[in-house]
Amino acid sequence: MTQINNESLLKRRRAFEMSRAVVLSCALLVFAVASTSAEDGDLDSLINSLFISSPGTVIASSTSAPRPTSPPIGSQAACERGQRCVQRYLCTNDSTSGAGLIDIRFDGDNPCVNYLAGCCYEEDIISELPTVPVLDNPTCGKRNPDGIGFRIVGGKDESEYGEFPWMIAVLKQEQALDQVVNVYLCGGSLIHPSVVLTASHCVQNKSPVQLKIRAGEWDTQTKNEVYPASDRQVVEIVTHPDYYKGGLYNDVALIFLDSPLKLDDGIQTVCLPPPNAKFDHQRCFVSGWGKDVFGKAGTYQAILKKVELPVVPNSQCQTSLRSTRLGPKFVLHNSFMCAGGEVGKDACKGDGGSPLVCPIQGSTQSYHQTGIVSWGIGCGEATPGVYADVSHFRTWIDQQMQSRHFDASSYTLS
Numbered sequence: 001m002t003q004i005n006n007e008s009l010l011k012r013r014r015a016f017e018m019s020r021a022v023v024l025s026c027a028l029l030v031f032a033v034a035s036t037s038a039e040d041g042d043l044d045s046l047i048n049s050l051f052i053s054s055p056g057t058v059i060a061s062s063t064s065a066p067r068p069t070s071p072p073i074g075s076q077a078a079c080e081r082g083q084r085c086v087q088r089y090l091c092t093n094d095s096t097s098g099a100g101l102i103d104i105r106f107d108g109d110n111p112c113v114n115y116l117a118g119c120c121y122e123e124d125i126i127s128e129l130p131t132v133p134v135l136d137n138p139t140c141g142k143r144n145p146d147g148i149g150f151r152i153v154g155g156k157d158e159s160e161y162g163e164f165p166w167m168i169a170v171l172k173q174e175q176a177l178d179q180v181v182n183v184y185l186c187g188g189s190l191i192h193p194s195v196v197l198t199a200s201h202c203v204q205n206k207s208p209v210q211l212k213i214r215a216g217e218w219d220t221q222t223k224n225e226v227y228p229a230s231d232r233q234v235v236e237i238v239t240h241p242d243y244y245k246g247g248l249y250n251d252v253a254l255i256f257l258d259s260p261l262k263l264d265d266g267i268q269t270v271c272l273p274p275p276n277a278k279f280d281h282q283r284c285f286v287s288g289w290g291k292d293v294f295g296k297a298g299t300y301q302a303i304l305k306k307v308e309l310p311v312v313p314n315s316q317c318q319t320s321l322r323s324t325r326l327g328p329k330f331v332l333h334n335s336f337m338c339a340g341g342e343v344g345k346d347a348c349k350g351d352g353g354s355p356l357v358c359p360i361q362g363s364t365q366s367y368h369q370t371g372i373v374s375w376g377i378g379c380g381e382a383t384p385g386v387y388a389d390v391s392h393f394r395t396w397i398d399q400q401m402q403s404r405h406f407d408a409s410s411y412t413l414s
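Using the working numbering, the letters of the sequence shown correspond one by one to residues 1 to 414.
Among the hints, erroneous ones may be present.
In silico lysine to aspartate or glutamate, DMTMM-like type, Cα no more than 25 Å apart, as pairs [unchecked claim]:
1) K306 / D146
2) K329 / D242
3) K142 / E308
Label-pair distances were calculated between CB atoms; the ranges are [stated by the list, open to error]:
4) Q204 / G378: 37 to 43 Å
5) I377 / D157: 32 to 38 Å
6) D157 / S409: 52 to 58 Å
7) G327 / A277: 16 to 22 Å
8) K329 / R404: 52 to 58 Å
9) D178 / E342: 43 to 49 Å
10) V209 / G327: 50 to 56 Å
Note that these hints are calculated values from the structure, not bench results.
Every residue, glycine too, gets a C-beta built ideally from N, C-alpha and C.
The task is simple: from the sequences and hints, build the whole structure.
Structure, rendered in structure tokens:
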């Protein structure tokens, strides 16, 4: 009897493994529940994230491929007679100019499964996808505070779709069973159609063939956004020669891509500040898909979040950090800057490499990237977070670009 039960269990397990492999073949991109899982190659955690963990782990693949004109995103019976659920931008009754409001928390009047979908009369459904507008004269650092195509309501810290068009997801390709899946590693920013700025601690000791980047990503749970995201392979990783892992000094790196990204409303470069620029007391934004709070209670974000933070002078930041476990003799390295110090507002685990951007004086809705998320003591606990100071590295960045024949105009506001 025991032998029969064991054989039965073995058959069931094999059947489960086969079904799991089928599901894995459909899961094209995975956000790891912790970046350390990706670092350690913990594929058990990766598999668990696919089948056990809460929503936010499995996300859609790059939508560079043509999207279906009538996706199965809702029940026709749930809409009124003559209507069916379609992506909102496929319905002529819905505006794609930014006037449409979408409640990402709850919409009691929307019977469609996906919040980016809505009921539409058959005669109002269009078959042509919106074309991605080409930028004739792209300029760096242009934020889209009202989003692109629609605005969201009912959110907490979620950014608008396309609000930070320079935001990049750095992905690591992992082998899981017989499939290759893409695991979220860290954030980055686009400074040139072929170059991403990130933190050294994210990419040190990584081979270019292990990594890829994604531009134009927003909601990691869907590929129903207005415009497709774009993936690129990595051909070269350059970390700062003076990067010190022990203290994360000079925590800056450049990622060079195999081909340039096409710039549009949702994919643009960010401006970089001149050398040794200061932004003390300015209110700035950090964006990323990292945790909402520190520790096991925190969860990684499906939709790109944004947090508004003040830049904290280094002397004040050092004093604050000395009151933590770092102790009274801690010295803040000159390659760092600080931002935050407000309870409940901070970058967190998983946000490493992501950009901190501050408004450019005298310009409307244009931003400099002042910092790169590096490290912190906890998250949102009234202690400022520590960032690599981009202005400190401007000369080094320019040198790396020029030596590879890339123009600095892509990140310099004219």
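Violating hint indices (sorted, rising): 4, 5, 6, 7, 8 and 10
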